[in-house]
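Asks: So you can see what is in the structure, the chains are spelled out below.
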Amino acid sequence: MIGPITLDFVKEKIQDIGTAEQVRSNRIRITTTPGHIRDAIKSVQELLSCDRLLTISAADNGKTLELIYHLTGPHRMIISLALELPRDAPEAPTTSDILPPSGIYERQIHDLFGILFQGRSDLKKIILNEDWPENEYPLRKDWTPAPDTFYGGIKGEKV
Amino acid sequence: MAVPSAGVSQRLVNWARLKSPWVTLFNSGGCNACDIEVIACLMPRFDIERFGILVKGSPRHADIMIVTGHVTLKQASRLRRVWEQIPEPKYVIALGACGASGGVFHGLYHSVNSVDSVIPVDAFAVGCPPRPDEIINAVVTCLNLLKEDIAHGGKEWRQTNGIKNIKNTNEIREATL
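Sequence lines, in order, name chains A and B. 681 is the number of the first residue of the first sequence in my numbering; add one for each residue after it. -16 is the number of the first residue of the second sequence in my numbering; add one for each residue after it.
Rather than coming from a laboratory, the hints here were simulated on the basis of the structure. All of these numbers come straight from a predicted model, not from anything done at the bench. Zero decoy hints are in this set.
Subject to a maximum C-alpha distance of 30 Å in a straight line, what follows is the list of computed DSSO-like cross-link-like pairs (lysine-lysine): (1) A:Lys804 - A:Lys722; (2) B:Lys138 - A:Lys835; (3) B:Lys39 - B:Lys130; (4) B:Lys2 - B:Lys39; (5) B:Lys57 - A:Lys835; (6) A:Lys805 - A:Lys743; (7) B:Lys2 - B:Lys130; (8) A:Lys743 - A:Lys821; (9) B:Lys39 - B:Lys138; (10) B:Lys57 - A:Lys805; (11) B:Lys57 - B:Lys39; (12) A:Lys743 - A:Lys722; (13) A:Lys804 - B:Lys57; (14) B:Lys57 - A:Lys821; (15) A:Lys722 - A:Lys693.
Examples of chain B residues lying across from chain A (beta carbon under 10 Å, computed): (16) Ala59; (17) Ser60; (18) Arg63; (19) Leu91.
Note that CB positions come from ideal geometry on N, CA and C, so glycine has one too.
Using the sequences and the hints, build the whole thing.
Replies: Listed below in structure tokens is the structure:
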């Protein structure tokens, strides 16, 4: 086990990956890019002993899509690796091989935000129903249900 | 369905149906609070088994179905399929504000907003969640409906006599005002 995780300690360890900032007393946010996220997770696992994935959160801030990986370890400091993706073609490399619990989060984020995880071949529906139309991502800010589209439920007459 | 001049065996069946309704529970996407209130009905304080109301696991054994929660798009077809498996005469109770109108989930991208847009509902027990005595009251309401249906020889009289199932939230609002 390594010593207390301070901002200076994190900055010293991950200089070439992204910029770190202290957002709360127990949370350090590292802003990185999609190209560096796999290296960032590997080095956070090895150098900062963050071996647990809390969650992957996705957000639509209006201009871009945001993807944040929250990792923690026995020191109970949370490291948030944030990356921004363009709205028109949001793509990020998969982390399910180096971080196995992220597989189910990636499928959910693909369902609701339409972020494509490169290297995953099994991004099938997990939260939405099977007959949900393609290319409709309900948690994006600019999404509204189209009037004539069938989104699921019961087809045909009511009982 | 029995007519008033039914035989002895049919009268025996009707008596058994009224004395011991079996209930099945279906969660169509709720938060589980209503299900916990149904469990509270089974606990010693209310103890609905002393009235002969049994909660069964299979819809094929049940007379009354209690549906909890707003209906998600994924659960709608499952709810319809489970409802079709219940033998006639069957009665449906929609539990909670969600079962009546979607509750806090009304208008969500993934909700059909009420149970009665999928299956016909005979009684609503409203509350978030409803108390166990209100759930028992809803079951007794269904039993009274069953009694009247036996007297009329079927469920059709409720449509023809103008006493129809409440169809949408506006009618619920008018009925409560």
